[in-house]
Every structure is written in structure tokens, then in C-alpha cells.
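Peer 1: Sequence:
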Amino acid sequence: MTAAPSLHARDGERTSNATLRDRVSTTWRRGRGSRALPLLAALLLPIPFLLVAHQLYFWDIGPFDSPRWAVNSDRSFIEIFGYLQLAAAVVLLLLLWARHRRGLFAGSWAVVLAVVVLDDSLRLHERGGAALVDRGAVPSGLGLPAQALGELAVWAALGVAIVILLALVYRASDPADRFDSRWLAGLMLLLVFFGVGVDVAHEVVEELTDNSVVDLLVTFVEAGGELAAMSTLLVFVVHMSRRSTSRSSTS
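Going by the numbering used here, the sequence shown opens with residue 18, and the numbers climb by one from there.
If you are wondering where the hints come from, they were derived from the structure by calculation, not from laboratory data. In this text, a Cβ means the ideal position worked out from N, Cα and C, and glycines have one as well.
Per label pair, the in silico range of CB-to-CB distance:
| id | residue 1 | residue 2 | range |
| --- | --- | --- | --- |
| 1 | Gly153 | Ser263 | 55 to 65 Å |
| 2 | Asp191 | Asp227 | 52 to 62 Å |
| 3 | Ser229 | Ala193 | 47 to 57 Å |
| 4 | Phe196 | Asn228 | 39 to 49 Å |
| 5 | Phe210 | Leu141 | 17 to 27 Å |
| 6 | Leu121 | Val230 | 45 to 55 Å |
| 7 | Phe75 | Tyr187 | 36 to 46 Å |
All chains should be modelled from the sequences, with the hints used to inform the complete structure.
Peer 2: In C-alpha cells form, the structure reads like this:
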């Protein structure tokens, strides 16, 4: 039988959980104080409109005749909106690195977000996946389309490099930067879930069924979730920037 955890271990776990709750609560209060939540609401507000516009384009209604209203088309309006938000986050992180001496922490996250923007805008993982398929480097019979497996392989390679970079910087960072890094990592995982996980699931759905309603729902979840994650990430970087500026002015 497995021994029951000691009283000391349980107390330590409670203390750790309480500390985590306190930190999350503090971040939430600071976010309200720095007007981060109104900014988040303003950035999330266009998402339902853009998703409705996607369907209006396919119904050929009114001014929604440009293919850029389709959320799954190249250089769509919702895609460009997301790129602009991540690009703004990159600029703010670079300013943190240059002005407030947050060095490796801000610089490394700027690099990571820049890689995400370049990959998404230039379709690097899709091109890389197609190249792997053309060369016969993707195994068959794993229950996923070959293109989806190729894209996952490219993203896995990028992910390993990113994780190694962030892990090295995390070890060299102070507690405040580590706390912010954990938040950014969580938001990045949310973005990857929608941008990679749901995207691959969408390809599987398209292989398994031609039901237009199911396809539309998955499209909305993928596009809306990805943009919402980008918006939340930008808002957190704005919150970090304002907090660092206020600390510099009071020191």
C-alpha cells in the first residue's frame, strides 16, 4: 500500500496552493487597476462580428463579398487582426527589454512571439509539412491525414527549440520574471491548443465528414479561440509594460 502523505507534506501543499491563489488574485486585481480588463473586452468584442461576417460572405450578403471575410482564407481580416496583436506584443516586449532592463526574459518572449507570427503569416508549418509529405518522410496509417502529421512534426521541432530557449532563460530569471513567464507560457499553450490542436482536429473532421454544420462549428472554435488567445496574450503584455513603467517611475 502507498503510504499516506505526511502532515508536513499536506501543509506544504496547502501553503503552495494558497500562494498560487494569492498570486493569481493579485494579478487579477492589478489587471483591473491597470485597465487591462476593459482593453481585453475591447479586443474580444470584434470576434463575434468577424465570425458572423464569415458566414455572410458565403451567403453573398451585402458588403461581405471579399474572400478576406472568410476566416480560413489567406490574409483574412481576422487573421490580420491577430497578427497585429502579436506584433504589438513583440514591440512591447522589446521595449521592456530596452527600457526596463528585463533583458533575457522579455527578449526571449519577443523572439518566441515573432516566430509564431512568422510561422502563421508565412505558413511555414504548412509548407514544411507538405515538404515532408512530398519526400515520403511522414508515416502512414496513424489515423491522421499525412499533411496534418507533417505539420505536427514541424511544429514539434519548433516547439522543442522554443521550450529549450524559455527553460534556459527561466532558470536565469528572477522570481518576478519567472511569474510573468509562467503566465505567458500558459497563454501560449492556449494559443497552440487552438492554432495547432484544433486546426489538426479540423483536418480530421474534414476527412471524416462533409457535414457543413460541424465544419462551421469547428471553424468558429478554431478561429475565435485563436484570436481570443492572441488578444489575452497582448493584454497581459500591456499589463506587464504598464506595471514596469509604474515601478520605474516610483523607484
